[in-house]
Amino acid sequence: MSERFVSPRVKDIPPSGIRRFFDIAGTMRDVISLGVGEPDFVTPYHIRNAAIESLLAGETQYTANRGLLPLRKEIAAYLSDRMQVSYRPETEILVTVGASEGIDLSLRMCVRPGDEVLIPDPGYVSYAPCVTLAGGVPVPVKTEMSNAFRLTAGMLEAAITPRTRALIFPYPNNPTGVVMRKSDLESIVPVIVRHDLLVIADEIYGELTYEGERHVSIASLPGMKERTVLLNGFSKAFAMTGWRLGFACAPEAMMEQMNKIHQYTIMCAPRQSQVAAMQALRKGRENNYQDIETMRRSYDRRRRLMVDALNGMGLDCVMPEGAFYCFPSIRRTGLSSDEFCTRLLNEKRVVCVPGTAFGAGGEGFVRCCYATDIDHMTVAFQRMKEFLESI
Amino acid sequence: MESLKQELLELLQEDCRLPLEKLSVMTGAKMELVAQAIDEMEKDGVILRYRPVVNWDKMHVNRVEAMIEVRVTPQRDMGFDAIASRIYRFDEVKSVYLMSGAYDLLVLVEASTLKDLALFVSEKLSTLDTVTGTATSFVLKRYKQDGVIFEGRSSDGRLVVSP
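Here the protein sequences come in this chain order: A and B.
First residue of the first sequence: 98, per the numbering used here; consecutive thereafter.
First residue of the second sequence: 879, per the numbering used here; consecutive thereafter.
Isolated chain A (complex conformation) (with noise of 0.2 Å):
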């Protein structure tokens, strides 16, 4: 009945394509998962430690709207050092409630009603839902396989109408651990010059790139800084997901407005993530960023065995080169992502997510999370093996 107070805006988004591999997994015994999207590293003890400190001195007040100013700098400071953009800490940067707020905030601050977004698919989950909520229209922009998951110009040109407005850039890649190189962003940059379109490019996994070349940011390209709206976030490259931490950067004139929808909505992000965050950076620059580089080393032996893997069960797998994601084809199995995910669950308590999930461009294929311990793959991989050979 009190269903009539739902907006149909809200109604009509489909609910989440993981939720019901959720409520399965839970009611079994024995699921190893391979369907979890966060590091199984627990955030360092010197980050924690800050929080403590914080908290016992007493410091459970309110930040500035954008986040605590030694914080920006610092964010400054590491984007600087790290990805070779340039962000003011005073009018540039904005402190949010992880990179999800920031990608909801860009959203609304660059819509009109009826404006297109196009999104890379499969893509991250929230995107679509987050411009259909903002007014807009999701544009999904079917990316292929056979080209290493990649947005080339010409799928851009394809897809861009007069309607739009935003093309959202998530590279690394969450599901297909695809990353556009340098020369990748620079055969897209012309056309999204020509046509005018805003870039609001997710970075969450910018630190996690495995074969020997450092992401590059399409901000740090010419002219694309004052059409980019950059967000990243402490969650992935420091193991901070349940602190729910990340930034956004825009020029001036965007981040005015995106600051005016964070301050009546959220006000500011936890204190103690900020301070924990702050930690972070602070000593990542003392000591050359080693928390990272600890975890990205075994993220990537993890990747190679997972690949090895998989492309040894006769599962194809684009190497993937950044984040933590594999994103085999199950083509030759016959069964859709959503078949062969629930037969997994079912039959050899083995979670993956379908491909679906992060949109139609994911029919056809899985993702696996390799941020997963060695052991537990090992049996993992053993189940799928079987489970293969019976259908």
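FYI, nobody ran anything at the bench for these hints, they're computed from the structure.
The structure presented is a predicted model; accordingly, all values stated were derived computationally and were not measured.
Please note: incorrect hints may appear among the correct ones.
[Unchecked claim] Partial chain B-side listing against chain A, Cβ under 7 Å, derived:
hint	residue
1	M904
2	G906
3	K908
4	V1038
5	P1041
Beta carbons are placed, not taken as given, at the ideal position from N, Cα and C, and that holds for glycine.
For chain A, the structure is supplied; the task is to place chain B on it using the hints.
Only chain B this time, still in chain A's reference frame:
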């Protein structure tokens, strides 16, 4: 080669039963190269032995361990090495370290009964010429050894599925 060796050591310290194929996959180095690196480290005495980490408490066998702080008089020209080598030759002695601080050598000793262990200290260790004093502490419980937590392993606090 040096960085490969370091990486291999990190992996083997976690699990020394990892087969060559897996080590090769995880380091991205060719299998022959991995085999060669391990071979070299074994020959050079970098890798001395591959052993399991055992929780003896679960085996219900008689076994007592003690850590003994030993004070000694260093000998001319030999320093502590001569006395250390006399001590580590006893079968009961599992580890010997030269320490900074209030005492000189830390000796880890294992025996099947408390009495055997006490006798080892009073008859074999204390009677050595250069030993000037010992302080024996018995191990009551092992919480963590070689980076492995023995009890109350922390479980994975993550959601089973998340986007």
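Okay, the hints, checked on the actual structure:
Residue-level restraint check for M904 (chain B) holds (minimum Cβ-Cβ distance to chain A is 4 Å; threshold 7 Å). Satisfaction of the interface hint for G906 (chain B) is found here, the shortest Cβ-Cβ separation to chain A being roughly 6 Å, below the 7 Å cut-off. The interface hint given for K908 (chain B) is broken, as the beta carbon of that residue sits about 13 Å from the closest beta carbon of chain A, more than 7 Å. Interface hint status for V1038 (chain B): upheld, as the beta-carbon distance to the closest one in chain A is roughly 5 Å, under 7 Å.
Hint status for P1041 (chain B): holds, given a least beta-carbon distance of 4 Å to chain A, under 7 Å.
Of the numbered hints given earlier, the model fails hint 3 alone.
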